[in-house]
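Undergrad: Go ahead and model the full structure; you've got the sequences and the hints to work with.
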Amino acid sequence: MSNVLPKPVLRLINEFGRLPGIGPKTASRLTFYLLRGNDAGLAADLSAALAELSENTQYCTACHNITEQNPCEVCSDTERDQQVICVVEEPLDVVAIERSRMFGGVYHVLHGALSPVEGIGPDDLKIGELIGRVQQGDFREVILATNATLEGDTTASYLQMRLADTAVRVTRLARGLPVGGDIEYTDEVTLGRALEGRRELK
Amino acid sequence: MKRERSYRTEAIIIRRSDFGEADRLLTLLTRDYGKLRAIAKGARKPQSRKTGHVELFMRSQFMLAKGRNLDIVTQVELIEPHRVLSADLVRATYAAYVVELLDSFTPEEERQVAIYELLRDTLGRLDTSDNVRLVARYFELRLLSLVGYQPQLFYCVVSGEPIEQADQYISPEEGGLIAAAHLSPAIRARQVSAGAVKVLRFLQTRAWDTVAHLQLRDDLHRELEMVMHYYIQYLLEKGVKSAEFLYRLRRETISLTQNQPLSNDSPNML
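Chains as they are written, first to last, in the working numbering: chain L, 1 to 202; chain X, 1001 to 1270.
Derived by calculation from the structure, the hints in this document are not laboratory data.
It is possible that some hints are incorrect.
[Stated by the list, open to error] Quick list of in silico lysine to aspartate or glutamate cross-link-like pairs, EDC-like style, CA-CA up to 16 Å:
(1) 1045(X) to 93(L)
(2) 1241(X) to 118(L)
(3) 1045(X) to 1023(X)
(4) 126(L) to 1252(X)
(5) 1045(X) to 187(L)
(6) 1045(X) to 182(L)
Since the model is a prediction, treat every value here as computed from it, not as a measurement.
TA: Written out as C-alpha cells, the structure reads:
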C-alpha cells in the first residue's frame, strides 16, 4: 500500500491511526471518506475545528477544567455558589454533573485518580492544587465526586485525610440503586449503601 | 482442567482495564482453571448487572463462556468485596503489590489451588489486619515456596552446615542464606541481621494464626522489606511497579503529613 498512495493520504491515515480505538483499516476508510468529498466542506470544517481545538483551549488556573477563557465560565460566574467545590476525576465528569442540573457550585478537576496498579501518585494529579485552594479560599463544603471504583474510592479517602485539618465539611456522593436497576442483580456493596442511605417517604 | 463451552468457577480479579465502548477486560485468577483473561461486556455502565461484581481485588463466582480468543463473562456474583481494602490507599497499594507478584510468578491457564487460596487469604488479611507489612512478608515467603523458589534459611547454601545465630548473608542467586565464612566475592549477596533471619524462619514455617500476633520493631520491618524486595527483584529480573509506588507514597505523604499518620486506625502501617 505504502508505495501506491500519495504522501498526504498516507500521512492522514497514520495520524488517524494514533487515535484510541482506530485501527489501520478504519483509519484508511475515514481518510478515503474525506478524500472523496461526498460531504461538501467536511474536510475543511474538520481541519478548522482541529486548529481551533489546539489554539483556543487552555486549562483554568482555578479548577483545571478545559476552557476557552481563564478563569473558566463556571469559576467566574457570580451566580454560582463559590463556597461549594465539587471534585471530579475528568472534565467529562463536569459535563455529566452539569447535566443533572442539581449542582450550583464550582468544580475541581483532578485529571485522573490515584492508582497503585498504574503507578499514579498524588503528585501526578491536581491534588496539591486542591488542598491549596481549600486552605486559602473561603469554602463551606468539598464534595468528593470521584468514580465509584477502587481508584476513585482510594482517591476520596486520601483527599479526606489530607483535608482533615481544614475546617471545611467534606462529603462524598451517595451510592445506591441506579435508575432502572433491578434489586436482584445489584451487588451487596451497592445494596448495603442503598439501605444505609434510605430516605423517609413524605 | 479442560474448560467446557460454558463453565463456572470462583475467581479473584487481579487486573482490569477498559475495553471498547463500555466493556472491561479482566485478568482472573480462577480457583479451578488458573489465571485467564475474560471480557465483561457492558460492565462500565452503572445499569449493568455485572458492574458492582467485577471491581479489582473482588472475589466472585463466575459463569464464563469460552470464546475464540477471550472468554466471556455471562454471569457473576460477588462473594467477598474487601470493603476496607478498596477505600484505603495504603491497603490498596499492598493489594496491588501482592497481585503483581502473583501475576509475575504464575503462568496462564495452570490450575494451582494452593496459590489461589494463598491470594484469597492474603487479600482477606489485607482487608482486616492492622499489620499489613507482616501480611505482605508472609505472602512473599509462601508464594516463593509454592512456585519453587523457597529460600533456604536453615543451612548455608554453600557449605551445607547449619546456620549459626549471627548476622548472615542472603543470595537469591544461590537460593538462600550463606554463612559469613563461606561468602566469596563472586557471589552476589546482601547482609541480613540475626533478628531478621529469625523472623523469616518463623514466617516460613508457621501458620498465619501464629504469625499474626507478631509485633516487630519498625527498623526490623524495614530490613525485612528490603531483604525480600531484593530477593524477589533478582528472581523476577525486573523492578516491581507497586513496590516503587509504595516507596514513592512514603516519600510524598511523610513529607506532607509530618505529625499525621496516613491511616488513622493504624499509625505505622505504611
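Undergrad: Each of the hints needs a verdict: does it hold here or not?
TA: Results of checking the hints against the structure:
no.: 1; hint: 1045(X) to 93(L); verdict: holds, 14 Å
no.: 2; hint: 1241(X) to 118(L); verdict: holds, 8 Å
no.: 3; hint: 1045(X) to 1023(X); verdict: holds, 8 Å
no.: 4; hint: 126(L) to 1252(X); verdict: holds, 14 Å
no.: 5; hint: 1045(X) to 187(L); verdict: holds, 14 Å
no.: 6; hint: 1045(X) to 182(L); verdict: holds, 14 Å
Hint violations for this structure: none, all hints satisfied.
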